[in-house]
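Listed in order, the protein sequences are those of chains A and B. Note that our numbering has the first sequence beginning at 957, numbered continuously upward. Note that our numbering has the second sequence beginning at 3, numbered continuously upward.
Hints are computed from structural coordinates only; laboratory data are not their basis. Any given hint could turn out to be false.
Each computed DSSO-like pair below joins lysine-lysine, with the alpha-carbon atoms no more than 30 Å apart [stated by the list, open to error]: (1) A:1090 <-> A:1103; (2) A:1186 <-> A:1103; (3) A:1069 <-> B:16; (4) B:16 <-> A:1186; (5) A:1170 <-> A:1186; (6) B:43 <-> A:1069; (7) A:1186 <-> B:124; (8) A:1103 <-> A:1089; (9) B:93 <-> A:987.
Since the model is a prediction, treat every value here as computed from it, not as a measurement.
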Amino acid sequence: MTAGEFFVTRKTIAIVDDDPVFARILAYRLKRYQFFCESYNTATDALVRLGRHPTPDIVLLDYSLGPKEKNGLDLCLRIKTMAEVPVIMLTGNDNTQTIVSCLDAGADQYVLKPYVLEELLARIRAVIRLYEKKEGVGSESDFGDFKLNTLEQNLSTSEGSVRLTDKEMAFAELMLNALGSVVSREYLYRVIYEREFDSLSRNLDVLAGRFRQKVASVTKDFSIKSVRGKGYMMYRRPFNTEERSFDSDD
Amino acid sequence: MTELKTAILQFDEKFLSESIGMEDVEFLVELYGLYLEQASKVIESMMVCRVERDFEYLGQLSHKIKSSSRSVGAIAMGNLLEAIERAARDKNASELQVYLHELPQLAEDIFEKIENHINVLKSS
Chain A
957 MTAGEFFVTR
967 KTIAIVDDDP
977 VFARILAYRL
987 KRYQFFCESY
997 NTATDALVRL
1007 GRHPTPDIVL
1017 LDYSLGPKEK
1027 NGLDLCLRIK
1037 TMAEVPVIML
1047 TGNDNTQTIV
1057 SCLDAGADQY
1067 VLKPYVLEEL
1077 LARIRAVIRL
1087 YEKKEGVGSE
1097 SDFGDFKLNT
1107 LEQNLSTSEG
1117 SVRLTDKEMA
1127 FAELMLNALG
1137 SVVSREYLYR
1147 VIYEREFDSL
1157 SRNLDVLAGR
1167 FRQKVASVTK
1177 DFSIKSVRGK
1187 GYMMYRRPFN
1197 TEERSFDSDD
Chain B
3 MTELKTAILQ
13 FDEKFLSESI
23 GMEDVEFLVE
33 LYGLYLEQAS
43 KVIESMMVCR
53 VERDFEYLGQ
63 LSHKIKSSSR
73 SVGAIAMGNL
83 LEAIERAARD
93 KNASELQVYL
103 HELPQLAEDI
113 FEKIENHINV
123 LKSS
C-alpha cells in the first residue's frame, strides 16, 4: 500500500496527552491530512469520551499521562476492555521494556516521541486498515450516483465500474465529498501525496486527467474541471451539454 | 551557570511556525498562551517539590512540560527540564540543586521573550 492510501470516510482520532500544547499541535497537523481530531488531557476525560458512541476510529495515547493521572498503560488496558478501538501509544522511551509494556497493555502500535509525522500517519493507516478488515467495514461508500469500494478499489455507477489506483481513490474520495464545490490544489496535493504542496509538480494534473477519463468511462453525467487559480471541481454536467465543454483550462 | 543554559538559544521564535508548516497567527498565539499558562503552573509546583525534596514528583513534572517547551521553541528550557528529570530519577540532589537554582530565572527570561513574540504576532 502506498503513502497515498486513504479512507472513504474521514476518520476520528482521539489524542490523549496531558500536554495540551503537544496535543493541539498534533491535532492541527493531523487535521491537515483529513482526520477529525479530538483532544483529551486526562484519563478521566478520555474514558468518558470512549464510553460514548460512536467511538473514535483510533486512539493516540501518551505513555506518561502526568503525575496525578492513571498512566498510559493502565488507560490502554481499560480502553481495550471498553471498546474495539485501535490504540497507538506515544512514548519518549525506546527501551525494550517500555515497548514490551505498551504492546502487553494491548497497544496495536507504538510511536516514539518526538514523532515523525510521515511515520505516524503510516502507522495510523496500518492499524485502521487492520481493524476495518477484521470488522469487514468501510469497504464501500455510497455517494448517491457513485459508489466507492476501498477493498476492490473501484468506482461504480449504474452504468459500470472502473478500477482505480490508490491515488485515484484518494482523488475520487476528495472530489465526491465536495461534489459541486472546488477543492484547492494545495489541499488535494497535501492529502494525496502527503507532503507540502509543490506548485511546480504536474502530478496532480496528470492524476486529475486520468481520473476524468475513468469517470467518463462509467458515466456521461459527471466530469471534473480545473478552476484556474483555485483547484478542481467534480460537477454534474448540464443536460445536453457536449463532452468536455466545461473542461476549459487544463 | 551550566552549559545547558548558555550553549542553546533560549527561544527560537521561528521553531513553532516552521514545525507546523504554517504562519497561522491565531493558532500560534493560542499555543504560546497555552504553553505560558501550563509552564508557569508546573514550574511553581516544581519549586514546591524542591522544598519538600519530592524527587519523584519533580521528575514527573519536568517530563510534563519538557516536550511542549521544545515544541514552542524554548529549547534551553526543554534541555534544562530533561536534565532535571534525569537528576530526579537518579536522585542526584547536588545536580538538582544547581538545575533548580537556574530554572526560575531561565523561565522568566523565556516567558518574557514569548510574551514579546506574542505581541509582535498580534500586531502583525
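Run the structure past the numbered hints and jot down the numbers of the failing ones, going up. 9
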